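Engineer: Residues per chain, in single letters:
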Amino acid sequence: MKRTIFVGALTVAGLAAGVASAATLDDVKARGTLNCGVATGVPGFAAPDANGEWQGFDVAVCRAVAAAVLGDPSAVSFTPTTGQTRFTALASGEVDMLARNTTWTFSRDTDLKFDFVGVNYYDGQGFMIPKALGVSSAKELDGATVCIQTGTTTELNLADYFRINNLSYEPVPVETNAEAQQQYLAGACDVYTTDASGLAATRATFETPADHILLPEIISKEPLGPLVRHGDNEWGDIVMWTLNALVAAEELGVTSANVGELSATPTSNPEINRLLGTEGELGGMIGLSNDWAKNAIMANGNYGEIFEKNIGENTPIGLTRGLNAQWTNGGLLYSPPFR
Amino acid sequence: MTTLTDPSKESFRLSQLVYDTRYRSITIQVVALIGFMAIFAWLISNTVANLQALGKDFNFGFLTVRAGYDINQSLIEYSSNSTHLRAAIVGLLNTLLVAVLGCILATIVGVIAGVLRLSKNWLTARLMGFYVESFRNIPVLLWIIAFFAVLTEATPAPNAFRGDDSAASMWLNETIAVTNRGTYVPMPVWHDGSVAVVLVFLASLVGIWAFGRYSKKRQEATGEILPNGWIKLGIFVLPTLAAYFLMGRPVGLDYPSLQGFNFQGGLHLRNSLIALWLALSFYTGAFIAENVRAGILAVSHGQTEAAYALGIRPSRTMRLVILPQALRVIIPPLISQYLNLTKNSSLAIAVGYMDLRSTLGGITLNQTGRELECMMLMMLIYLIVSLLISSAMNVYNKTVKLKER
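Line order of the protein sequences matches chains A and B.
Position 253 of the first sequence, counted from 1, bears residue number 253 in our numbering, the numbering being contiguous throughout.
Position 377 of the second sequence, counted from 1, bears residue number 1377 in our numbering, the numbering being contiguous throughout.
Pulled out of the complex, with its shape left as it was, chain B reads as follows (with noise of 0.2 Å):
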């Protein structure tokens, strides 16, 4: 008689959950998430009670009551009448328009430093070495601080501007006044007519787009070179030109003058604006240039070899053969640097820039006292303006990297 035995069904045994490595990662997991989420629930509980005790509750409805605060520079119309959301959305626009300003200046010096620091030039090389180390490595609120005390310092008081024989002067023809309350610009004034010249000036926009990708399938199909540089200028600057003179000069310039106490009239560049904006951007600047450098020794010696074989330029072969390839590598660490910058806006209270920290986090939070709904409402336009940044450039990194095919 033979007896035939099935192999024993595997049953499932407790120990498994440990000792069996089919299982053991599963159950790490769910100990973690378990731990995590106790750890999480303590912090909830904690800060409940912790208000309780404290008698305070919480809401959001310091936002809709009268701010009662004056803010200096707003892009939007704005009062002490205000609601504190709306002295948020002052603060919030004043960040956006210091990070998207430090943004494109951090770019434009980034690049030229890290080009210029490979530059075969002994002293170029070195001044943009020391350019880089300097401010890489001094934190950026000293630097704030050191551009706004050079601003309110080194330049007069609108005081100073006064009389005949004044001690300060304008600059530019008498139409900037550079002042240590801030730099004051002619403004452009809109007349009738004005929106001609500006639909002139979008058309000849639309007009160098097109013209390039002319020249660019000109050129794949002759071989020839149009003097693109100049041909843009012309369209840039002859149309716009000639209906501004047609329409008989409708944009005029609104230029500041000393009335009272200030410089009137004009655009005014505030020190806290200007001194943030560059210290932002030289800061992350030299950062950028890193990048950059990196990007460019990236790119294999043999690609400078053969363009230059093929009789390209130098000035050519960066860029169209380096600087496309190198853009691969830069752009990925250019999205943190922009995060970088659009974040470190929040030291802009170091100058009495009135930004999100300065207004929501600042004086709203110190008038209401609510300091806990204040900072989660900061953190989360911080996160959301963060995330909407890092997405466009993934779009952008989307477009530049390398095409798999």
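In isolation and in its complexed conformation, chain A is listed as follows (with noise of 0.2 Å):
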């Protein structure tokens, strides 16, 4: 009997371990789809529409990535994926990378065999709470009873907070954004503690936003990034460089509605004509068509319209720029050249 439950585990981590091959860019080609792992509904970043098409910020890096190594922004298949659920269906090959509000941290990146590819949005934990209680600081939290999703460095963040500031707290574990939202309205728990950026997407959703206010702590840093396994260089170079793209677009003024203009015939602007593969051989040095990049931008447009679209100061979730905003501007969006 032992031996048999044995033999389960040993089959469930073989087979497991056995799809995770070394090549995700010719499983991906022979595929036809980019298996893209994302959150289970996040207003903004991930949540499918009316239509059933998956929409958001984190959605449109699925889409680039596709676009750029398939030509079609459709050639997707989403895997909806809990905090809890997520570093399996990465490591054991269900999905091709996770795009998925996923803080980048040293032993995620390290200890767990995981690769971040950069950072598309920078972010911090925060909470929410209805302006019903009165409070206006989370340093009047004590004794509160906090919703949270578990499997999260959101949850290492609070315990630690809570601890250093000698507060107690009533932790109520959640799966999905979507429990924690619903405990939440119940007022099941006092408060809402998560990135604040959804936070503010899940506030959005609310019949009445304007009861509910984020305290003004941050209490940490979230580099929230796609990642994709340790060990398969090339596919990581792919999806770090379509990101990169998305976001040198940006800077270089190349638009969704400008780009196939643009990568028609060079420009003066060589860095462009590189990037869209008008000059240079950039896209076959990683295994790609020339034209990569511009496939990437046309999916969704550059890094700006895609967060002007999804969270954006003129979307119901109203976030401002802020760190996200290219270096030229204050914000730390920094594209390495290319080159």
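I should point out that these hints are in silico values taken from the structure, not numbers from a laboratory.
Hints may contain errors.
[Stated by the list, open to error] Derived list of chain B stretches under chain A, where covered just means 3 residues or more per stretch with a C-beta under 8 Å from a C-beta of chain A:
hint, region
1, 1051-1061
2, 1065-1072
3, 1260-1266
4, 1361-1374
[To be verified] Sample of chain B residues with no beta-carbon within 12 Å of chain A, all distances over it, derived:
hint, residue
5, 1016
6, 1122
7, 1124
8, 1191
9, 1196
10, 1202
11, 1314
12, 1319
13, 1335
Small disclaimer: the values here were computed from a predicted structure and weren't measured.
Each residue gets a CB set at the ideal place from its N, CA and C atoms; glycine is no exception.
Assembling the complex is the task here: the two chains are given apart, and the hints tell you how they should meet.
Structural biologist: Put into structure tokens, the structure is as follows:
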């Protein structure tokens, strides 16, 4: 009996590890679709729209990669993952990449054997609380009941923050953002804590968003970015440079509107030419066609367009660029040169 | 000349391994064993190779590392500074807590429902039939979520208790608060001298047992039946009450009261625990009800008629004649129901109950990335718990099964 179970465990482990082969690019090309792990539903970042099409800031990264690799931004099959299932899904090869507001940390990058390829949103952990409770600072949260997604870095930050400040709290573990929202609105927890962007996105879906405030404290650094399995550097490079291409495109003024025109004939700016493949062979260096970046930008536009369309100030979520502005505008976005 | 020919000595030929029925079964077993071991070896080597390919090793060192996360319900002392091992123990204890509570309630519910389903009262029997069929045929996960949703959505938030004309009020003379975060009940506080009260209480339990023996002997000798229930209740309550007042009421109650965000004081029964407990109990109770019904039906009707003919009342007939015989049929499937309940408690994460699956197999696994180690450890623990439960129940089964002389 004991042995049977042992065998079962090994089977699972063996099979799971068996499919995680090294050449992800070949697998994706052979399959014709990109398997992309996203959140189970965070408005603005990853959520299906009324037609069942996945939309959002993280989803756009998946689409850009699919466009770069396969030339078709719709050739993506999305796998919704929770905070607990995401890493297993990636490690086992169920998905080729994760674009799921995942925080880049040392141990995830090294011990968990993943590679973060960049940051697509610089975030920090915040608290959301009903206005009616009259709380204006996280320091006043002593004794509060806090909804928290399990298996996240926010869970650990929360424990540290309350311990350092000598506050007591009652954690209510939930699995998904939707569950947290339901518990929070039912009053089963006083506070909901997660990345500030996620809080803003969640609040935007409330009936009366104005009744809820985000506390001023940001208690952690949460650089969110796409990640791939460790060890397949070719694939990691593709995802990394696709993200960089979106960032560089904004810096260079390449948008979804003018990318067709700019890529038709070489322009006077050699970096734009290299990026869009009208000069040099950058695409071939990462095993893709030369118009890979053009396809990626055509999919959803450049980084700025993706931001404004999904989570920007004109959307219900209403996030400002803040840290996520280009370095030329005082933000942290800084793509290495395409050369 | 006569030649004596010995019957030729039977020599062993290889073909006999296949064609001779004396050896064939051994051959099959050896082949099966080799095949099994080959599969087993392939699995191990595959795992080792793949772990190596991923650059992961296999060790349990992470268990001694600081866990860093908090657990809301913990039966032993635990903080975010404790180790992953301690977090796993906290989870295991939470699993055992809900399993024990669940087994007790499921047995009570199951026995009552099973007996009532055989009731001659049409309405009672049909109601119990409805209960059994509806709970048995809907997945337990849905029941857990349903119970939790009702507890969360239909009860007031602690905020509703605030103010003089609050929207919600506490029950039973301001002692019990039912909120959407859980139920707060008064908790006993032990002052000086409470030891004496507890000792008296334990002594009265011994007294009840002793009286039961005496009463049984007396009945066997004289045939007279004492009002057992009332006397036992008296022994249960009176000495403890007397000791309680004699010692100057050393056992107090800590009442919950609304302070800050939440109720403080008292015992906090979280909704996650209550929902999981009730859902598991009623779900498993439905299966136990069917076991009980089967057990009772397995006792021939002649036994009932014989008891009635002797003038034994229906309730005593059930208790003294039918159930002891029915237990022989009920206990073995009951064991597997207990095991099912314990294993089903691993669905706890659906309502955020921090059991073994949520701590060791959830947060620890996720934060450390040790999937294989955590999963195997968890399987091993569930296996051990299950084997312990079934061996304990087997001991009990031995005491009720038919004694062959």
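Engineer: Does the no-contact call for residue 1122/B survive, Cβ to all of chain A over 12 Å?
Structural biologist: 40 Å, holds
Engineer: In terms of Cβ atoms, is chain A entirely out of 12 Å range of residue 1196/B?
Structural biologist: Consistent with the label, residue 1196/B stays out of reach of chain A, its closest Cβ about 35 Å off (over 12 Å).
Engineer: If I take the minimum Cβ distance from residue 1124/B to any residue of chain A, is it greater than 12 Å?
Structural biologist: Given that every Cβ of chain A is farther than 12 Å from that of residue 1124/B, nearest at about 36 Å, it holds.
Engineer: Would you check chain A against the region 1361-1374 of chain B, counting CB to CB pairs closer than 8 Å, and say if three or more residues qualify?
Structural biologist: Check passed, 9 qualifying residues.
Engineer: Can we trust that residue 1314/B is non-interface, i.e. its beta-carbon lies farther than 12 Å from all of chain A?
Structural biologist: Holds, because the least Cβ-Cβ distance between residue 1314/B and chain A comes to about 44 Å, which exceeds 12 Å.
Engineer: According to the definition I'm using, a residue is off the interface if its beta carbon is farther than 12 Å from all beta carbons of the partner; does residue 1202/B meet that for chain A?
Structural biologist: 35 Å, holds
Engineer: Are there three or more residues in the region 1051-1061 of chain B whose C-beta lies within less than 8 Å of some C-beta in chain A?
Structural biologist: Answer holds; 5 residues pass the 8 Å Cβ test.
Engineer: Non-interface claim for residue 1319/B: all C-beta distances to chain A beyond 12 Å?
Structural biologist: 37 Å, holds
Engineer: The region 1260-1266 of chain B covered by chain A? Criterion: 3 or more residues, Cβ-Cβ distance below 8 Å.
Structural biologist: holds (count 4)
Engineer: A cut-off of 12 Å on Cβ-Cβ distance, and residue 1335/B was said to be off the interface with chain A. Does that hold?
Structural biologist: Non-interface label stands for residue 1335/B: nearest chain A Cβ at 15 Å, farther than 12 Å.
Engineer: Per the stated criterion, does the least C-beta distance between residue 1016/B and chain A lie above 12 Å, as a non-interface residue requires?
Structural biologist: Label holds. Min Cβ-Cβ 32 Å, cutoff 12 Å.
Engineer: Non-interface claim for residue 1191/B: all C-beta distances to chain A beyond 12 Å?
Structural biologist: 25 Å, holds
Checked against the numbered hints above, the structure breaks none of them.
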